[in-house]
Amino acid sequence: MSKQYTGAEIVCRALINEGVDVVFGLPGGAVLPLYGVLSQFPEINHILVRHEQGAAHAADAYSRSTDKVGVAFATSGPGATNLITGLATAMMDSAPMVAITGQVGRSAIGTDAFQETDITGATLPVTKHNYLVMNASDIGDVIHEAFYIAKTGRPGPVLIDIPKDVFTEKSYYNGRNEISIPGYKIPSKTTKNKIDEAVALIEKSKRPVILAGHGVIISKAFSQLKEFSEKSQIPVVTTLLGISSFPEDHILSCGFPGMHGMAYASLILDQSDLIIGIGTRFDDRIVGDPKRFSTKSKKIHIDIDASEIGKTIKVDVPIIGNIIDVLNQINPELSKNLRPEWLDTVSKLKVNHPSLEIPNSDHLLGQSVVKALSEITQGNAIICSGVGQHQMWAAQHYKFIQPNSWISSGGLGTMGYEVPSAIGAQVGNPDKLVWSICGDGGFQMTMMELATAKENNLPVKYAILNNNHLGMITQWQGLFYNEDYQAETYTGNPDFVKLAESYGIKGLRVDNKDDLFDVIKVANSHSGPVVVDFVIKKVDNVYPMIPAGQSVSELIGENI
Amino acid sequence: MSSNKNQRTITSLVQDRPGVLSRISGLFRRRGFNIASLAVGSSEEPGLSRMTFVVEGSATSLKSVAEQLDKLIEVVEAKDITDKNIVWRELALIKVSSNEKTRSEILDLAKIFRVNIIDIGVSSLTMEITGGKEKIDSLIELLRKFDIKEVIRTGRVATLRGTLIEGRPDGEYKSHSGANIQNDSEEIYESGSV
Ligand SMILES: Cc1ncc(C[n+]2csc(CCOP(=O)(O)OP(=O)(O)O)c2C)c(N)n1
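First to last, the protein sequences are chains A and D. Each number in the working numbering corresponds to the 1-based position in the first sequence with 4 added. Each number in the working numbering corresponds to the 1-based position in the second sequence with 312 added.
This is chain D alone, in the form it adopts within the complex (with noise of 0.2 angstroms):
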């Protein structure tokens, strides 16, 4: 989780028209938020949209996004999870250069990372990573020697854990201890396959 308090994590369904992200954008504007990152696509049900944001802003002002976005007409539901009990990932395309010198060190650290090769040229590789914030951040640290052509990154999509307890809902840390959780940390190497 990241632990930066002037961040927030928002979830949000929302009615799949035009103008509902310029409204959503305009919104986060006007109050003095910047969008960290945006992942839009269709939900489960017909004519929705989920959203996830990450945003940043002062504190205080961060306390009521949630609360603003929900006041917006075509906003169905919007929460912040960001304290809660939550799994999210990203995915990236990572586009490094490549020759026969560098390619099967480039490999090696795919395998170790766990993540797809999906394009093979003459003088580049492209990768596709999902995992959290942190995971993907070190591969690119990792790979920066080999010359990066190009990063493209979707962005976090997130949803609450579910519960391990009758009765308890979804999202709470305390429902969850003992049971088998990864961490961030851990799930560097969870994900994906070569």
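Excised from the complex, chain A in its bound form (with noise of 0.2 angstroms):
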């Protein structure tokens, strides 16, 4: 018979046959003795941090940045709710993650113990899958079942809850076991005729465009799209995650669409004659008015996930299965194609409706920050966001040259994800130049992580695009409320230069045009993290818009 383990070193062992070397989070009662091996475990380095929200946000972008799964612990009751918002980012955005939490004992559970809640109960809609692990003979298999389910199909996050007493509970562990799980489908190669059918349209459109999204980039089907694009000459649109599918100083790159995106990828969905929809859900941000959403081009839609076909818009080829193999099973079916006209129209498009003419201002404008930004690291940075104005100016101009190098939350829009994003994203990317673009508002929903950053001298840039205003929210009170600003407006703002001092990290400040390309070079010069606060100019709104539920014949700031 082999050796007995405790729960809580079945977990390490586990988590280490996963490949596991880093884990963020932060302990609590009910998950102490799982802290209480970690010494035994070295190849496990634990980031603490300040806020478990913080913790799932950065296992989340160390998932999204690279290709293993990013992990949290927390512990019960609290420290599993503060998780919520972190695992609710993930799913939107069909990140892989796992997340282990402690729960009070066996014996207690029901009781309405101190720390308790039904954190499996509470967390149903907002991951993947989950688990009660309720003896400590079971926690391998979980845990290896629970990677497996994280990181194939359509990803997602995962979250373990082991009761205190399952921890020190003493039990075998044989490794991982192949893994069987009778209700878990992932979709095989697609069939022949659908690919023939989808080939057939391509060939015989006149207008196609790709829009290509966050499948692309969890797919890793850079190579593929791109051949598929040159070799058809088609146009690509990538959706504000599917942002980095695609180099942006390529000729057939052309922007993002929907409610801030560039007016000539709008146009383009609008004219084309057929739209290849690539690992993107048609959300509502891009489509606006279903009825309305280019109604003259007919749809091939390729997804892993078949509930996705059909769920805002009409599909005409439906292709079910994972981007990459899709792709590869296209590609060599598609003959070479030049189509010159729509090439044409679709530059024109980009010469008429140039959209991210910066305009000119005394002032810093934020547009011209992320500009900067984009020029000097000749946008070959990892750039993450948070959610707002500067959300999307960072979209719209920082040019992405570098596959799979945005990170932000665009399905949950979560305010507070630009700082401990950046962490996992550095985590994982130790060698890469990681820039955070923040607002004012979501920093301070999680700036205690600067102690994190700076604790793990962690080199992370943190841009704050500072306009004292939830800049995006003083936007729709002056388009849509009649101009009747409530609760907009941040006079209380730290001073944020002293705010990183404080925690021995380098603050900047850039309140002029002049010294802006300056500032960011020293940041970047510089080995440890950096706050920079970008004194931004206080009421300015994100142009173009299409205002939520409309078409593009209703966009704004700009001759259509």
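Read the hints as simulated data drawn from the structure, not as lab findings. Because the structure is a prediction, the values reported are computed rather than measured. In this text, a Cβ means the ideal position worked out from N, Cα and C, and glycines have one as well. A few of these clues could be false.
Facing chain D, according to a computed beta carbon distance under 10 angstroms, are these residues of chain A, among others [what the hints assert, rightly or not]: (1) Glu-22; (2) Lys-132; (3) Lys-315.
Computed Cβ-Cβ distance ranges for the label pairs, DEER-style [unchecked claim]: (4) D:Ile-430 - A:Arg-296: 20 to 28 angstroms; (5) D:Ile-432 - A:Ile-113: 44 to 52 angstroms; (6) D:Asp-482 - A:Met-138: 36 to 44 angstroms; (7) A:Pro-82 - D:Ile-432: 19 to 27 angstroms; (8) D:Gly-359 - A:Ser-111: 36 to 44 angstroms; (9) A:Ile-113 - D:Gly-338: 52 to 60 angstroms; (10) D:Glu-356 - A:Met-138: 24 to 32 angstroms; (11) A:Lys-300 - D:Pro-481: 35 to 43 angstroms.
Make one complex out of these two single chains by using the hints.
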């Protein structure tokens, strides 16, 4: 008989067998038995956060920016509930992660014991799957299953809740067994029929366009997408989360459409006769009014999740499968095409609806900050963001060259993602330059994690686009609520430079256009974390804009 | 077959574990579906339960209900069989007031509907009926004048009709052309015995 281990030891052994070398977390009573064995496992680097939400976002961004699955630890009750925003963020954006929470002892479950929450119940709608493990003998299999579920198919977060006395119970662990989950189906290779139908539509189309979503990035189908687009000369519009699936310096790159996308991108979709949606869920920020979305086009929809097909728009040819497999099947079937007329129309749309011209201003503008960052880093940095105007300016004005270099909460729209996500991305990519473009609002939701960056000497660069406002709220109240401004001005912001310095972090400030480039360069050359307070124009709208539920003909901020 | 296009009949095979039903009902709630009926029981395979749902919701949201369900890890299989050729049954226990005067009239009705009388008391009797929804609904309607004390219905269970043509999958309408199939209106007197 092999050796017995405690549940906590089995957790660590199983994590190591899954290739885990870093965990983000914060201890508490119910999870202390797990922390109690960590010192036996030096392979696992535990990064102590300041709030469990930070652990979840860091684990999520770590996964998004690497090939690995990020892991978060939290205690029962408040520790576990603090993870929820992070789990929901990961769920909406199909980001894999595994959260391990402590639970009160088995005999106390269901008694409203101190720090007891039904966290598997509470996280049902925001996890891909979750487990309450009632026996130490199940821990190993559950952990291996959880990693498998988190990273395969349409990825997502998985939570494992382990009662305190299960961590201390002894049992056997025989490593990773063959995983068999009868109810879990991963789409296999698609049928030839559908591929033929899709190829026929593409060959027949005069004005095709690719709408590339986050699925391309998740599937790592970068070169396949490029080959597809180049071979058949099809322009590529990305979704907000599809940004960095296709190099933006490519001649066929056509920006992103929708609410704050480039007018030309929305117009290309509108005028096309065939949209090839790849790994996208045709979300409402792109489609707007489904009845008036690209009415002249047929739709091919390639996605791994069958329940996405036809959810918002009618699809002519659905293909269910992993993007990389599907494109590998389509590409050899495509004939070379030139499409001179359509590409001419596309380039005229780009010229006539430039969208991203930065207005003249005496003030420092958020757009200019992003553009400067883009130029100095030559589009090669990993960019994280919060949610709001700065996020849209980042998406618009940063020219993303590297595959998978844009990390943003697109689905849930979680303010506060900016600080911990950059930590996760930097931990996963120690040799890359990570800039986080932050709002002064969102930054203050999670800025306690500056301590985490400092403690671990992570060279993350935070660019706060500081407008002393919840800028996107100001914009909506100005445009849609009769300029009745409520609860959108921040008069009590801290001095972000001093704040950074109080953590022992380098703090810099730019309040005029002249210093912009120099200060960014100083930040880049600093070996530790940096916070740069960019004091930008207080009230400034993001344009172009298609109001919610409308179509490109209602676009404001530019003549259509 | 119910013609209400905002109702779908879903059959599924799920792992028999704690919490599975709450995952499924949570999914339905989240997507705005209402569960019109639900029947659960063990299946032919140990460890797996068969669940039959009738769900209601907006036509667009209902389109992918089986796919949504299928995404749950513990759901081994989920099929929307609404538009297939299916047989389905429901079971109801109906307890109705009865006395010397009404008893024979009730028993006559029971005979016509071929239902089982499973309990007789001094002031009530209980009958068991299986069949389609319409059959049960009409019996209930006819019994109303006798003062129904309790109606207990199981909800629909359904399966695809077996094909009569070699090589065709079960549940396809066309495969049955000309064959002896009873539709729901004929079904009313079809099953059960007194
Ligand atoms: C946690 C959370 N709360 C509220 C919102 C709603 N919201 C969206 S954008 C925004 C303003 C963001 O302000 P800031 O972070 O300063 O960025 P800015 O828009 O000024 O660039 C708010 C409050 C949100 N997305 N997330």
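Looking only at beta-carbon atoms, does the pair Gly-359 (chain D), Ser-111 (chain A) fall within the given range of 36 to 44 angstroms?
Hint violated: Cβ distance 27 angstroms, outside 36 to 44 angstroms.
Starting from the range 52 to 60 angstroms, see whether the pair Ile-113 (chain A) and Gly-338 (chain D) falls in it by beta-carbon distance.
20 angstroms, violated
For the hint on Lys-315 (chain A), does the least C-beta distance to chain D fall short of 10 angstroms?
Nearest chain D Cβ about 6 angstroms off; hint holds.
Distance restraint hint 35 to 43 angstroms, applied to the beta-carbon atoms of Lys-300 (chain A) and Pro-481 (chain D)
For Pro-481 (chain D) against Lys-300 (chain A), whose Cβ atoms are near 37 angstroms apart, the range 35 to 43 angstroms holds.
Should the interface hint for Lys-132 (chain A) be scored as holding, given a Cβ-Cβ cut-off of 10 angstroms against chain D?
8 angstroms, holds
For the range 20 to 28 angstroms, tell me whether the beta carbons of Ile-430 (chain D) and Arg-296 (chain A) fit it or not.
59 angstroms, violated
Quick check: does the Cβ-Cβ distance between Glu-356 (chain D) and Met-138 (chain A) fall within 24 to 32 angstroms?
Because 28 angstroms falls inside the window, the suggested range holds.
Does Glu-22 (chain A) pass the interface hint, meaning its C-beta sits closer than 10 angstroms to a C-beta of chain D?
18 angstroms, violated
That 19 to 27 angstroms hint for Pro-82 (chain A) and Ile-432 (chain D) (C-beta), does it hold up?
Given range 19 to 27 angstroms: violated, Cβ gap about 59 angstroms.
If you check the beta carbons of Asp-482 (chain D) and Met-138 (chain A), does the distance land in 36 to 44 angstroms?
The hinted range 36 to 44 angstroms holds for Asp-482 (chain D) and Met-138 (chain A), with Cβ atoms some 39 angstroms apart.
Does the beta carbon distance between Ile-432 (chain D) and Ile-113 (chain A) stay inside 44 to 52 angstroms, or does it fall outside?
47 angstroms Cβ-Cβ, so the 44 to 52 angstroms window holds.
Of the hints listed earlier, those the structure fails to meet are numbers 1, 4, 7, 8, 9, in rising order.
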